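Chains as they are written, first to last, in this note's numbering: chain P, 1221 to 1513; chain G, 99 to 322.
Please keep in mind that the hints were generated in silico from the structure rather than gathered at the bench. Remember, predicted model here, so these are calculated numbers, not experimental data. Do not rely on the hints blindly, as some may be mistaken.
As the list claims (entries may be wrong) - Quick list of simulated restraints, FRET-style, between CB atoms:
1. P:Asp1341 to G:Gly148: 31 to 37 Å
2. P:Ile1328 to G:Leu297: 33 to 39 Å
3. G:Thr143 to P:Val1456: 46 to 52 Å
4. P:Ile1324 to G:Ser140: 26 to 32 Å
5. G:Arg311 to P:Leu1316: 50 to 56 Å
6. P:Trp1314 to G:Asn230: 24 to 30 Å
7. P:Trp1314 to G:Arg311: 27 to 33 Å
Note that beta-carbon positions come from the ideal geometry of N, C-alpha and C, so glycine has one too.
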Amino acid sequence: MIIETDQLTREFKRRGKPKLVAVDHLDIRVEPGETVGYIGANGAGKSTTIKMLTGILVPTSGSVRTCGLDPLKQRRELARRVGVVFGQRSQLWWDLPTAESFTILGAIHHLGRTELTARRDELVEQLELGEFLSTPVRQLSLGQRMRAEVAAALLHSPQLIILDEPTIGLDVLSKQRLRDFLVAERRRHGTTLLLTTHDMGDIERLCERVLVVDHGRLAYDGSLAGLSRTVGAQRVLVVDLADGTRQRIPFDAEKVTAATVLAQASERAEVRDLSIEEPDIEDVVRRIYSAAR
Amino acid sequence: MWLVFHNVKALGGLTFTQVLLVFGIADVCFSLADMFFGHLDSLPTYLRQGTLDVFYLRPQPLLLQLITSDISLRRLSRASVGLASMVIALWLNDIHWSAATVGLLAMTMICSTAIYCAVYVWAAGAQFFLVNGAEFTNAFVYGGRYAATQPASVWNKPLKVVFGFIFPMAITAYVPTLALLGLPGPSWLPAWLAWTTPLFAAWSWIFGLAFWRFGVRHYQGGGG
Ligand SMILES: Nc1ncnc2c1ncn2[C@@H]1O[C@H](COP(=O)(O)OP(=O)(O)OP(=O)(O)O)[C@@H](O)[C@H]1O
Ligand SMILES: [Mg+2]
């Protein structure tokens, strides 16, 4: 078991208000090699959970083990086995060139020179960092910086990668690149992946399993398809017809394929263009919530 | 400084050159501590910006990461005034040089530096609990620094309690000076205590590290 929480709870005291239960008796189990999407609305408790998994925050009650270790007592050992990317925080040295950050991180993780060079070259190639390796981090674009951040978190070849909103603020192409990289990285090294996101694309592309958290409690644990099924989320085929009108045809992806729907539509009218709308993550989550109440 | 002592011929029972020795020892040791641990001053900034999370994700002790994130040799230059004072005072004062006094001086320099470092660690640990904690702890860090450069016999009661024992500032320079000069010292601080500085250093570090550990566990996370 690479992640195991048992009744994990974290409260925050607030001045003049009742205490806030950010994570509420959470039981999560993740096996090595799994790819897990951890989703929920703003303030649901995702980041708080991640901080307890990595030893940053002390749980109020319950227990947590990551990579078989106690994140508080064995924080340093754990740091060698986990790579964490906080989309909103940088772990690079702002004023140093990216390449130098890697050198420092290599030293921090006691990587041998050949090991570091090999791994760095691999990441530079896969994440296409070559063109800005000598640029100070503060001058990088958001997309470039995120790629550098991911490389920094993976430099020590962790067995578990935790990403907290890794694609926040990225354009479609950058998101795609990052997802492709993570898929490839996982295929190559069998890494376990846990990621939080508000982007359904991340989940669909990367995650075999989805955990939905609501007010600190686990609201769903299962496959993405199962999630869509549970809440009845539908894909929508959008077709532009020859007569200039646009039709939206919702369909249940579990029952029919997009191709069948398109074939049926084409029988009735000439289709000039088409696109498929995926169920929106916020929408799916919202439905889970209303179903739970 | 000269002006301060010019009119007062004897301070707390000491002469000017004797006080100069207290000042010199305290200032050199504090400057050394400041070079190694002074960067802990920036902890409140890290806490406010929420950038401390990153340090937790690296396989080194947090304290070590923070102090090594910027060891400034520039800070060492501040030791020059203290060093000059100490050398002059050692030369002007009538000291019985022997293996014992040399040993005592060396031990004092090491232990006093360690005590000041421990005060920095304590202050850093307190930042996790206190809003605007630096204002509060600076009173002890820099107040302690100032107190250490003075003969403890002129302190008032509260100062004696706080800087005599909780943060053992009196032990860092005043008491060793008494011992070096062969003076008896006040009844509450006999000069032989100079030989116990390692104990006070150990106590300071236990106290400082306990606070630090408590603080680290109390960290609320940087948001996001
Ligand atoms: N240090 C803190 N002090 C007080 N409350 C906090 C603290 N950190 C988090 N919280 C609260 O705990 C709850 C969960 O926060 P958390 O950051 O885990 O949410 P999240 O699921 O990551 O949300 P988002 O999608 O917006 O990132 C929120 O209500 C937040 O305000
Ligand atoms: Mg978050």
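How the hints compare with the structure:
1. P:Asp1341 to G:Gly148: 31 to 37 Å: holds, 33 Å
2. P:Ile1328 to G:Leu297: 33 to 39 Å: With Cβ atoms ~35 Å apart, the hint holds.
3. G:Thr143 to P:Val1456: 46 to 52 Å: Given range 46 to 52 Å: holds, Cβ gap about 49 Å.
4. P:Ile1324 to G:Ser140: 26 to 32 Å: violated, 18 Å
5. G:Arg311 to P:Leu1316: 50 to 56 Å: Since the Cβ atoms of Arg311 of chain G and Leu1316 of chain P sit about 31 Å apart, the hinted range of 50 to 56 Å is violated.
6. P:Trp1314 to G:Asn230: 24 to 30 Å: The hinted range 24 to 30 Å holds for Trp1314 of chain P and Asn230 of chain G, with Cβ atoms some 25 Å apart.
7. P:Trp1314 to G:Arg311: 27 to 33 Å: Taking Cβ atoms as reference, Trp1314 of chain P and Arg311 of chain G lie about 29 Å apart, which means the hint holds.
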